[in-house]
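> Given next are the chains, with one letter for each unit.
2 protein chains.
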Amino acid sequence: MDFESVFPVWKDLNAVQQKRILASLITRKAEKGTVIHNGSMDCTGLVLVKSGQLRAYILSDEGREITIYRLFDMDMCLFSASCMMRSIQFDVTIEAEKDTDLWVIPTETYKTIMEESAAVANYTNELMAARFSEVMWLLEQIMWKSLDKRVAAFLLEESAIEETQELKITHEKIANHLGTHREVITRMLRYFQSEGMIKISRGTILILEKEKLEKL
Amino acid sequence: MDFESVFPVWKDLNAVQQKRILASLITRKAEKGTVIHNGSMDCTGLVLVKSGQLRAYILSDEGREITIYRLFDMDMCLFSASCMMRSIQFDVTIEAEKDTDLWVIPTETYKTIMEESAAVANYTNELMAARFSEVMWLLEQIMWKSLDKRVAAFLLEESAIEETQELKITHEKIANHLGTHREVITRMLRYFQSEGMIKISRGTILILEKEKLEKL
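Residue numbers (the numbering used here), protein chains in the order written: chain W, 129 to 344; chain V, 129 to 344.
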């Protein structure tokens with residue numbers, strides 16, 4: 129799998145632009161747990177996931193986290209190059225949730241091409257709109273949905289991503305995804321267990337009744 | 129004040145594009161309280177505020193609201209043309225908060241020009257990034273800030289916009305801005321009053337101690 133076949137607007141670039149990208153392109157491996165991009169401290173560049181899984185989250189002053197989106201194979205991350213646009217006034221942290229192979233297009237390279245190519249600029253627009261939609265969805269969840277629904281949705285999502293009913297995840301981690309405290313998650317999981325929907329054991333959560341969770 | 133001097137990328141358009149915009153441009157007046165754009169039911173077009181004030185908000189199934197941003201003189205609204213981009217998967221409602229004069233660029237006109245002009249596409253990117261930043265700020269407020277801080281910030285913002293210490297606003301309206309219930313706001317305002325920060329009377333809130341509110 130090469131970059132040319134994965135980068136969505138490759139064919140819209142002229143020969144000079146293609147050359148410029150290939151000349152500056154960085155191939156990187158990130159082990160699970162590595163922070164790839166650390167808010168305003170970095171301007172990493174545009175990240176294209178070859179294989180693996182990344183998580184983008186925001187951090188409060190007190191160190192609380194909330195996941196805003198995840199990136200899978202072939203997904204492109206714009207906010208690791210947030211310094212590219214003056215109007216992006218927020219910081220996200222991006223870490224590898226699994227061992228990940230990725231390409232990085234340096235910010236300057238991408239920016240120059242975006243300024244001259246309507247196709248690349250419009251692609252960037254669609255990319256931002258897609259992430260924006262995810263954040264709006266999250267905002268709606270937080271505003272209108274109660275936490276039991278959000279925890280149930282998270283367990284089902286994890287189960288779908290990992291293709292297993294037995295999730296290896298700590299309560300702390302779920303809390304960080306959902307922007308709440310560990311104790312709150314533990315209480316909710318105990319309630320789910322008492323209802324027979326899941327079984328909790330050390331470091332794992334076994335989904336027993338998927339349908340009941342879905343109903344929530 | 130004419131459109132040409134207000135539209136930020138006017139000079140980047142060629143003569144044909146300028147002509148196309150002027151030929152399709154709509155001038156509109158919206159009285160206070162008018163809904164200009166109603167989520168996915170409309171694809172109004174790009175709105176440019178000549179003078180006045182607009183509010184963009186999302187609605188829950190139960191009719192609860194939360195303000196996501198406001199638009200003032202010379203501000204441009206992209207999400208009133210959300211049908212323009214496939215990746216915009218959320219709906220906002222836009223209403224006039226004051227009597228407003230505005231221009232509307234029809235969606236098709238703008239889309240065609242954006243697809244051929246890198247300058248317009250990049251301007252659109254900055255526009256979306258600016259709104260995205262406002263929503264991220266809101267998300268952080270909701271996640272990490274307690275409601276007393278949010279109510280205090282809202283009162284101070286209103287006072288700055290209206291240039292008065294005496295706000296004519298109902299508790300219901302504040303609740304709609306902040307995505308909560310009227311009763312919750314009434315309770316909070318009574319607490320502020322008991323602390324001497326504000327004085328509540330029928331339909332108005334008088335800010336007595338700005339510094340105390342700012343401290344919150």
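Just so you know, the hints here were simulated from the structure itself, not pulled from any lab data.
Here the structure is a predicted model, which is why all the values come from computation and not from measurement.
Keep in mind that the hints are not guaranteed to be accurate.
For identical chains, the list gives no copy identity; a pair is met inside one copy or between any two copies.
Stated by the list, open to error - List of simulated lysine to aspartate or glutamate pairs, EDC-like, C-alpha gap at most 16 Å: (1) Lys226 <-> Asp203; (2) Lys273 <-> Asp229; (3) Lys239 <-> Glu300; (4) Lys273 <-> Asp189; (5) Lys273 <-> Glu193; (6) Lys277 <-> Glu323; (7) Lys327 <-> Glu337; (8) Lys273 <-> Glu190; (9) Lys273 <-> Glu342; (10) Lys226 <-> Glu159; (11) Lys296 <-> Glu243; (12) Lys277 <-> Asp201; (13) Lys338 <-> Glu290; (14) Lys273 <-> Asp201; (15) Lys226 <-> Glu311; (16) Lys273 <-> Glu236; (17) Lys343 <-> Glu285; (18) Lys157 <-> Glu132; (19) Lys327 <-> Asp201; (20) Lys147 <-> Asp130; (21) Lys338 <-> Asp203.
> Please go over all the hints and tell whether each is borne out by the structure.
Now the hints, each set against the structure:
1. Only within a single protomer do Lys226 and Asp203 lie at most 16 Å apart by alpha-carbon distance; the minimum there is 14 Å, versus 42 Å between protomers.
2. Proximity of Lys273 and Asp229 under a CA criterion of 16 Å is satisfied in neither setting, with 35 Å inside one chain copy and 37 Å between copies.
3. Taking the closest pair of Cα atoms, Lys239 and Glu300 never come within 16 Å of each other, the shortest separation being 38 Å inside a single copy and 45 Å across copies.
4. For the identical chains of this complex, Lys273 and Asp189 are inter-copy neighbours only, at 11 Å across copies versus 25 Å inside a copy, given an alpha-carbon limit of 16 Å.
5. For the identical chains of this complex, Lys273 and Glu193 are inter-copy neighbours only, at 14 Å across copies versus 19 Å inside a copy, given an alpha-carbon limit of 16 Å.
6. Taking CA atoms no more than 16 Å apart as the test, Lys277 paired with Glu323 passes inside one copy only; the shortest distance there is 14 Å, against 37 Å between copies.
7. Taking CA atoms no more than 16 Å apart as the test, Lys327 paired with Glu337 passes inside one copy only; the shortest distance there is 10 Å, against 53 Å between copies.
8. In this assembly of identical chains, the alpha carbons of Lys273 and Glu190 lie at most 16 Å apart only when taken from different copies (11 Å versus 24 Å within one copy).
9. For the homomeric pair Lys273 and Glu342, the shortest alpha-carbon distance inside one copy (14 Å) is at most 16 Å, but the shortest distance between copies (30 Å) is not.
10. Taking the shortest Cα distances, Lys226 and Glu159 sit within 16 Å of each other inside one copy (7 Å), while across copies they are farther apart (54 Å).
11. Within a single copy, Lys296 and Glu243 get their C-alpha atoms no closer than 44 Å, and across copies no closer than 46 Å, so neither meets the 16 Å cut-off.
12. For the homomeric pair Lys277 and Asp201, neither the shortest alpha-carbon distance inside one copy (28 Å) nor that between copies (40 Å) is at most 16 Å.
13. In the homo-oligomer, the alpha carbons of Lys338 and Glu290 lie at most 16 Å apart inside one protomer (15 Å), although the nearest pairing across protomers, at 52 Å, exceeds that limit.
14. For the homomeric pair Lys273 and Asp201, neither the shortest alpha-carbon distance inside one copy (29 Å) nor that between copies (35 Å) is at most 16 Å.
15. In the homo-oligomer, the alpha carbons of Lys226 and Glu311 never lie at most 16 Å apart, since the shortest distance is 26 Å inside one protomer and 46 Å across protomers.
16. In this homomeric assembly, Lys273 and Glu236 never come within 16 Å of each other (Cα to Cα): the closest approach is 41 Å inside a single copy and 36 Å across copies.
17. For the identical chains of this complex, Lys343 and Glu285 are intra-copy neighbours only, at 14 Å inside a copy versus 41 Å across copies, given an alpha-carbon limit of 16 Å.
18. Proximity of Lys157 and Glu132 under a CA criterion of 16 Å is satisfied in neither setting, with 19 Å inside one chain copy and 49 Å between copies.
19. In this homomeric assembly, Lys327 and Asp201 never come within 16 Å of each other (Cα to Cα): the closest approach is 31 Å inside a single copy and 56 Å across copies.
20. In this homomeric assembly, Lys147 and Asp130 come within 16 Å of each other (Cα to Cα) only inside a single copy, at 14 Å, whereas the closest approach across copies is 44 Å.
21. For a Cα distance limit of 16 Å, the shortest separation of Lys338 from Asp203 qualifies neither inside one copy, at 28 Å, nor across copies, at 47 Å.
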